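Given the coordinates of chain E, assemble chain B onto it according to the supplied hints.
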Amino acid sequence: MTTPEGITRRRLLVCAAATPPLSVAVHLADAVAVATPAGAQPAGAGAGTAPAGIADIVDFTDALTLAALPTQHLLVVEVTTANRVVVRLPRAEVGQGITTAVAQLAAEELDTRLTDVDVVLEDARPELLFNQLTGGSNTIHALYGPLRQAAAAARARLVTAAARRWGVAAGGLVTRDTSVVAPDGRRATYGELSAAAAAVTIPAVPSTPKDPDDFTVIGRPTSRIDARDIVTGRARYTQDLAVPGALPCVVARPPTLGGTVRTLDDATARAMPGVVAVTRIPTGVAVVAETFDQALAARDALVVGWQPGPAASLSDADVSARLAAGVPGFALPLGSLTVDRTFDFAFVPHAPLEVLNCVAGVRDGRAELWFPSKSPIVAAQRVALALGLPADRVTVHVVRGGGSFGRRLFFDPAIEAARVSQAVGRPVRLLWTRGDDMHHGRLRPASHHKARAVHMLGQVLSYEHRMGSITLDGSHGLGDLLTSVAVDVVGGVGQAMFQLSQHDLYNLGVQSRSLREVDLLFPTGSWRSVFSGQVRTVDEIMVDEVARALGRDPVAFRRDRLRSARTRAVLDRVASAGSWGRTMAPGTAQGVGLHEEYKSVVAFLVELDARDRAHPRVTKAVAAVDVGRAVNPRGLEAQMQGALVDALSVILQAGVHIDAGAVRESSYTDFRYARMRNTPATVEVHVMPPTGEPGGAGELGVPAASAAVANAWARATGTVARRFPIVP
Amino acid sequence: MPSYSFQLNGETVSVDVAADASLLWVLRDTLGVTGPKYGCGVGVCRACTSHLDGAAFQPCTTRVADCAGHAVTTIEGLADGDTLHPVQQAWIDEDVAQCGYCQPGQIMAAAALLATKPNPTDADIDTLENVCRCGTYVRIRRAIHRAAGAGGNGAAGQEHVVA
Numbered sequence: 001m002t003t004p005e006g007i008t009r010r011r012l013l014v015c016a017a018a019t020p021p022l023s024v025a026v027h028l029a030d031a032v033a034v035a036t037p038a039g040a041q042p043a044g045a046g047a048g049t050a051p052a053g054i055a056d057i058v059d060f061t062d063a064l065t066l067a068a069l070p071t072q073h074l075l076v077v078e079v080t081t082a083n084r085v086v087v088r089l090p091r092a093e094v095g096q097g098i099t100t101a102v103a104q105l106a107a108e109e110l111d112t113r114l115t116d117v118d119v120v121l122e123d124a125r126p127e128l129l130f131n132q133l134t135g136g137s138n139t140i141h142a143l144y145g146p147l148r149q150a151a152a153a154a155r156a157r158l159v160t161a162a163a164r165r166w167g168v169a170a171g172g173l174v175t176r177d178t179s180v181v182a183p184d185g186r187r188a189t190y191g192e193l194s195a196a197a198a199a200v201t202i203p204a205v206p207s208t209p210k211d212p213d214d215f216t217v218i219g220r221p222t223s224r225i226d227a228r229d230i231v232t233g234r235a236r237y238t239q240d241l242a243v244p245g246a247l248p249c250v251v252a253r254p255p256t257l258g259g260t261v262r263t264l265d266d267a268t269a270r271a272m273p274g275v276v277a278v279t280r281i282p283t284g285v286a287v288v289a290e291t292f293d294q295a296l297a298a299r300d301a302l303v304v305g306w307q308p309g310p311a312a313s314l315s316d317a318d319v320s321a322r323l324a325a326g327v328p329g330f331a332l333p334l335g336s337l338t339v340d341r342t343f344d345f346a347f348v349p350h351a352p353l354e355v356l357n358c359v360a361g362v363r364d365g366r367a368e369l370w371f372p373s374k375s376p377i378v379a380a381q382r383v384a385l386a387l388g389l390p391a392d393r394v395t396v397h398v399v400r401g402g403g404s405f406g407r408r409l410f411f412d413p414a415i416e417a418a419r420v421s422q423a424v425g426r427p428v429r430l431l432w433t434r435g436d437d438m439h440h441g442r443l444r445p446a447s448h449h450k451a452r453a454v455h456m457l458g459q460v461l462s463y464e465h466r467m468g469s470i471t472l473d474g475s476h477g478l479g480d481l482l483t484s485v486a487v488d489v490v491g492g493v494g495q496a497m498f499q500l501s502q503h504d505l506y507n508l509g510v511q512s513r514s515l516r517e518v519d520l521l522f523p524t525g526s527w528r529s530v531f532s533g534q535v536r537t538v539d540e541i542m543v544d545e546v547a548r549a550l551g552r553d554p555v556a557f558r559r560d561r562l563r564s565a566r567t568r569a570v571l572d573r574v575a576s577a578g579s580w581g582r583t584m585a586p587g588t589a590q591g592v593g594l595h596e597e598y599k600s601v602v603a604f605l606v607e608l609d610a611r612d613r614a615h616p617r618v619t620k621a622v623a624a625v626d627v628g629r630a631v632n633p634r635g636l637e638a639q640m641q642g643a644l645v646d647a648l649s650v651i652l653q654a655g656v657h658i659d660a661g662a663v664r665e666s667s668y669t670d671f672r673y674a675r676m677r678n679t680p681a682t683v684e685v686h687v688m689p690p691t692g693e694p695g696g697a698g699e700l701g702v703p704a705a706s707a708a709v710a711n712a713w714a715r716a717t718g719t720v721a722r723r724f725p726i727v728p
Numbered sequence: 001m002p003s004y005s006f007q008l009n010g011e012t013v014s015v016d017v018a019a020d021a022s023l024l025w026v027l028r029d030t031l032g033v034t035g036p037k038y039g040c041g042v043g044v045c046r047a048c049t050s051h052l053d054g055a056a057f058q059p060c061t062t063r064v065a066d067c068a069g070h071a072v073t074t075i076e077g078l079a080d081g082d083t084l085h086p087v088q089q090a091w092i093d094e095d096v097a098q099c100g101y102c103q104p105g106q107i108m109a110a111a112a113l114l115a116t117k118p119n120p121t122d123a124d125i126d127t128l129e130n131v132c133r134c135g136t137y138v139r140i141r142r143a144i145h146r147a148a149g150a151g152g153n154g155a156a157g158q159e160h161v162v163a
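Heads up: the sequence lines are chains E and B, in that order. The first sequence lines up with residues 1 to 728 when you count with this note's numbering. The second sequence lines up with residues 1 to 163 when you count with this note's numbering.
Just chain E, with the same shape it has in the complex (with noise of 0.2 Å):
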């Protein structure tokens, strides 16, 4: 390494993130009033021209994207002098593979070799306010912009030393392979440059980032930076984390979602080898043992009587009486020209592999915490909060994530893990069992639909879509967030995230989409994609309906009723690529879906073998995705690859059951998430040409996804299905 004398490891150029100067406010209320009122035509819109919903105006991701830009300014890129490039990233890493893409935007912009570049998860950092949220599919979409601004400034910097200690002209240098170079072949690493280069205040080279047209890392397809690490066993979740003296910790829960301690006894258990505290926590009774085992064997030696969960009463059929009655019906039956159906959505968990697990030491009046955390400044508010602790006593380590899907939004573990710790006056490793995430992991809402289309002479003139979901549990600061922006979370979280998010995809006369929540206490949470993927599979499931029932091949009544030529190409793709119409077997069928959000589309044909019924298995899939324009292309498709195995579990197979407030599945036996087995060999994945700036993906493949699914079962068994997942 070559670092100037005196001076180690200090990181020296630290860049900031420039802000735009632009700050819009929008109220749901305006942009309803700006949306065409129903059954009026829009000045200059063509006929059939679908009125504009909210979404198109302002979207989710605009709300996150500018409650993030305040802030933008805080977010750095910095030169060490030991040659590294690091970006101390305000996001969570839980496999959908942002630190490589994030790693790309700094090494596209600095010249900067991939393996050089460093990217560092963040800890809470209050100050950020609503920049550290890792939710609606938003990072890249928001970090694009402020993270190239950022490196493009450091590389100026960097490039005004150079010509300072050389003499020459800045504008004759070029930058590669973490060096600047001079035309006669000088060269000097950044490292060497960094401590001259903090002491730049106006370059003598522009700031600005690349032209597009210049890119050679964004748009590269690139493995993950952190591949190695990830099959050697070397990369570290929370619980491989070596913090001096932490304990092993479980919890008794209850066996009803949110029920209560009403008596204990744990003399047998405080006797057991090895234990060292049992207390008392809000959501149960937690054990600290010197290991996993004796706190688990100590667990089950517990005599607790539970007072049942609020929702101890209702049964899966319950739910589903409630959420029907929570809908209103249509109002005039039409007869043979309308098409009117319902469906039944089952609650889905979370269930990432790493179970909800948090690492906590309390002492003297500090709290210092490690977990996968998708919102650490909330979390950090919040175990303040419990403790009894000024917020700035608490430190939030944000620790790689084994999945998340949503649930990490929350941080029910690190609540438990710091009142556990402070109780008991030892630091603690608090694991949620498997079971214990089956039976208290939050819930993808279950939810009821009825969908009417109306037609005439071969048009749809209009389109309703009622969805009522158990209520959505935004409290981990989203709600916030969207305040920050103006939006109006008066009729809670859910029903704003709803009108931010669902786009008419097609012309089908006038078209309105209304969510009921009807709030009957359970725990839930957003599950990758939100309400899209129960919505826009009804949307899609009805669209095949009413080509049917057109007498329409559901493809080219799709065509010509799609709204926007990003929609068309994909559409297009898939249906040549996938052969579209190909001659199958019996009971074996294909199926499309689109879905456009987070300023992306994509669309999705697969093919279903549905002879066996009750093991019904895509065979194979083709996908084809826009995202304006994708940093890394790999991991694009595999975010693809892996909302299509979301999409096809929670479509036929996988989803759990409500017996008396408690959830049945306990495992992964019963919870019957895809395995290999259930998986295609083949998946294509068509990465679209660059149309504009990126927009979001991870979210994005799993409602086109569900619904091709749901529509090729229909094709392949002549039954549209009407509840979901497929096989109870």
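Bear in mind the hints are in silico, worked out from the structure with no lab data behind them. One should not assume that every hint holds.
To be verified - Computed, partial: chain B to chain E, Cβ under 8 Å: (1) 21; (2) 44; (3) 97; (4) 101; (5) 103; (6) 122; (7) 135; (8) 138.
Model, not experiment: these values are computed from the prediction. No residue lacks a Cβ here, since even glycine has one placed at the ideal position from N, Cα and C.
Relative to chain E, chain B alone:
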């Protein structure tokens, strides 16, 4: 407390733990070998999959006493020094991992499969039970085929040298 000795990644280790202690927690908490992950504790998710005398097994449902005198290999012991096992290299080449949490178990399961079936069919690969909640199955399948092409039984594949 009784003492148990076994081979762990090529070295003899001894632990003083209860006979019914689960090997997973002994590995992770007593011996500091954290590659095998907890995912279910009941042998279903298979995130902890390792090798016992070369065959795939689940430490979470194995008593430490049953390992005495045997050879346990975890993901940490699969590579030959800095030279990755062909399955590990194939995992990198196919960019399999998303969150990565299940992948040590997936790799160990794949390596054990290839040891008995050097050229597995898709039907053979379908027998793998390991859960990947990120849904990386299609890349796992490709990586296994790639490793098989490289001599994935561990005997060959040395052409995959890591730069």
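A quick look at each hint next to the structure:
With 8 Å as the threshold, the beta carbon of residue 21 of chain B comes within range of chain E, its nearest partner Cβ sitting at about 5 Å, so the hint holds. Hint status for residue 44 of chain B: holds, given a least beta-carbon distance of 5 Å to chain E, under 8 Å. Proximity of residue 97 of chain B to chain E holds as hinted, the smallest CB-CB distance being about 4 Å (cut-off 8 Å). Annotation: interface hint on residue 101 of chain B holds; nearest CB of chain E at approximately 3 Å, less than 8 Å.
A cut of 8 Å between beta carbons decides the hint on residue 103 of chain B: the least distance to chain E is about 5 Å, and the hint holds. At about 5 Å, the closest approach between the beta carbon of residue 122 of chain B and any beta carbon in chain E falls short of 8 Å, and the interface hint on this residue holds. Because the beta carbon of residue 135 of chain B sits about 3 Å from the nearest beta carbon in chain E, less than 8 Å, this interface hint is met. Checking residue 138 of chain B against chain E: minimum C-beta separation of about 5 Å stays under 8 Å; hint holds.
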